[in-house]
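Visitor: This is what each chain is made of:
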Amino acid sequence: MKLTLEFTGGMELLFQGTKKVSVTLPEKVTTVKTLLPWIRDSLLKSKPDMFMQGDTVRPGVLVLINDADWELEGQLSYELQEGDTIVFISTLHGG
Amino acid sequence: MTAESPDATIERLLAENERLRQRLSAIEGLSGPRIDKTALDRSSSPNDTPTRKKKAKLSRNDIHRYSRHLLLPEISVEGQLGIVNSSMLVVGAGGLGSPACLYLASAGVGRIGVVDYDEVEVSNLQRQVIHDEERVGLSKSTSATIAMTRINSQIECIAYNYLLDRSTALDLIKQYDIVLDCSDNPPTRYLLNDACVLAGKPLVSGAALRFEGQLTVYNHHGSPCYRCVFPAPPPPETVTNCGDGGVFGPVTGIVGTIQALEALKIAAGVEPAYCGKLLMVDAMSGAFRTIRLRGKRKECVACGDGATLTGLETDYEMWCGMKANDKTQSLAVLKQEDRISVDAYNRVRVAKTPHVLIDTRPLVQTKICALDNSLNIPIDELESRLSEVEEAVHAGQGELPVYCICRRGNDSQLAVQHIRTKFPSLAVVKDVEGGLEAWRRKVDPEWPEY
Ligand SMILES: [Zn+2]
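Heads up: the protein sequence lines correspond to chains Y and Z, in order.
Here the first sequence stands for residues 61 to 155, numbered as in our numbering.
Here the second sequence stands for residues 8 to 457, numbered as in our numbering.
Since the hints were derived computationally from the structure, they do not count as laboratory data.
Misleading hints may appear alongside valid ones.
[To be verified] Calculated cross-link-like contacts (lysine to aspartate or glutamate; reagent style EDC-like; alpha-carbon spacing at most 16 Å): (1) 79/Y to 289/Z; (2) 359/Z to 379/Z; (3) 105/Y to 387/Z; (4) 107/Y to 388/Z; (5) 303/Z to 133/Y; (6) 303/Z to 131/Y; (7) 105/Y to 390/Z; (8) 284/Z to 131/Y; (9) 107/Y to 390/Z; (10) 80/Y to 289/Z; (11) 305/Z to 131/Y; (12) 62/Z to 163/Z; (13) 107/Y to 387/Z; (14) 107/Y to 244/Z; (15) 284/Z to 127/Y; (16) 105/Y to 388/Z.
Same shape as in the complex, but just chain Y (with noise of 0.2 Å):
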């Protein structure tokens, strides 16, 4: 399955400031709760407590699923389509 994730807000510090990937899932991933630990493990460099905590997104990131807040989609629980869109964004604090 092929999906587009991107990050933003400063996600994207931890993925070498890659703001917008296409990635090709192994088979076994197809929730978000599965995907999480994919990009932790293929994908991300270092620091995966800046981006994980336990088995969801640490606080102060909000998860996107084709534009919309992933609570309104069943969270971990989303079932991944072919083609999706997936954002991870830090929220921002200055002023």
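Following the hints, complete the assembly by docking chain Z with the ligand onto the known chain Y.
Guide: Quick look at chain Z with the ligand alone, frame taken from chain Y:
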């Protein structure tokens, strides 16, 4: 050589005096009227806000001044009356608060309160467009109210020159209709959220960093609150402030201006666009993206079904693990024997004692200024560039001592820790305490401040 007669001397001196007077007045004219900063630095307490009488109709002057609003069918007379009869509290007179205040004052918001504990400094002027050189050193809240009153003398502007905390927030917010979160740190953001939920006020929230901005309207017409979306605070090490990460000036202008726009729409009785939605601005790619947020979270402790929030009992700074300001906090992870003062390190340099100096700042900062003969290995790259450290240590006779330096002395301590773990046999690995900031303060006053 012939001597000048006494009369001629007097005449020459009088003429010179006159020339100097004229030059002096020209110079004073350039800098404009002097502002007596101490006289202006007043501040109001939450309890002395005067009550305003609501206007039943617009005056002839109002009609003239706000005619471009009155011509809009969506605003019209009713909408503008809503604006002039409204009161708004702007928390933070920085990059976001500056443009927000300018537009709120121009639009005629009847009463505008500005809260900020900080003073105007030169490095603010790159984006905080409500302040100016003349008002450097003045409290930001006072500076903002001066600028707003100059734009519109018909409105009431109130400066609150203190840090908003849980003892003052609720009383203050209760006196205003709409709150704009233009603050710069998580503890203040959670505090404002909770106070707005308790007082039932809409919270127009904005944030900016680097080339990005975010904006949403919390706690209004069924939209979620900040805690619904972010129930737990971010780990402090993931929070970057503008003073470390940088921020492109106009990005704060865009976000702060849209905050004013949304607040004015609420006051005018028009549904805001970002209720339950999040605007994300990426000024680099030019993308403005709006996403749908969740509704209120049933389990939210602030606004959910079984909400337990009854007052501002949380210690917000403790809960977030950081102070309610955007100043970088100093770490102390090393023991004193692993640190060296800037004065002692200066003696090492003056004596030309062979050593390795590792500058752990990001490359972009070393372009601003760097000590001669330093080796730049940004902290994030240290792990992958350890071989360069090893090489440098053995570049001379025997093993050279290693010193690590950064901007403020935080990352350099982490670097020392890391190098110590990887090369436990090295005799000297020390962090230069307080970094280049301390170097500027104690050793080299000419060193740039950024
Ligand atoms: Zn809530």
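Visitor: Taking the hints in turn, state whether each one holds.
Guide: Checked hints:
no.	hint	in the structure
1	79/Y to 289/Z	holds (11 Å)
2	359/Z to 379/Z	holds (12 Å)
3	105/Y to 387/Z	holds (11 Å)
4	107/Y to 388/Z	holds (12 Å)
5	303/Z to 133/Y	holds (15 Å)
6	303/Z to 131/Y	holds (11 Å)
7	105/Y to 390/Z	holds (11 Å)
8	284/Z to 131/Y	holds (13 Å)
9	107/Y to 390/Z	holds (12 Å)
10	80/Y to 289/Z	holds (13 Å)
11	305/Z to 131/Y	holds (12 Å)
12	62/Z to 163/Z	holds (14 Å)
13	107/Y to 387/Z	holds (10 Å)
14	107/Y to 244/Z	holds (11 Å)
15	284/Z to 127/Y	holds (10 Å)
16	105/Y to 388/Z	holds (11 Å)
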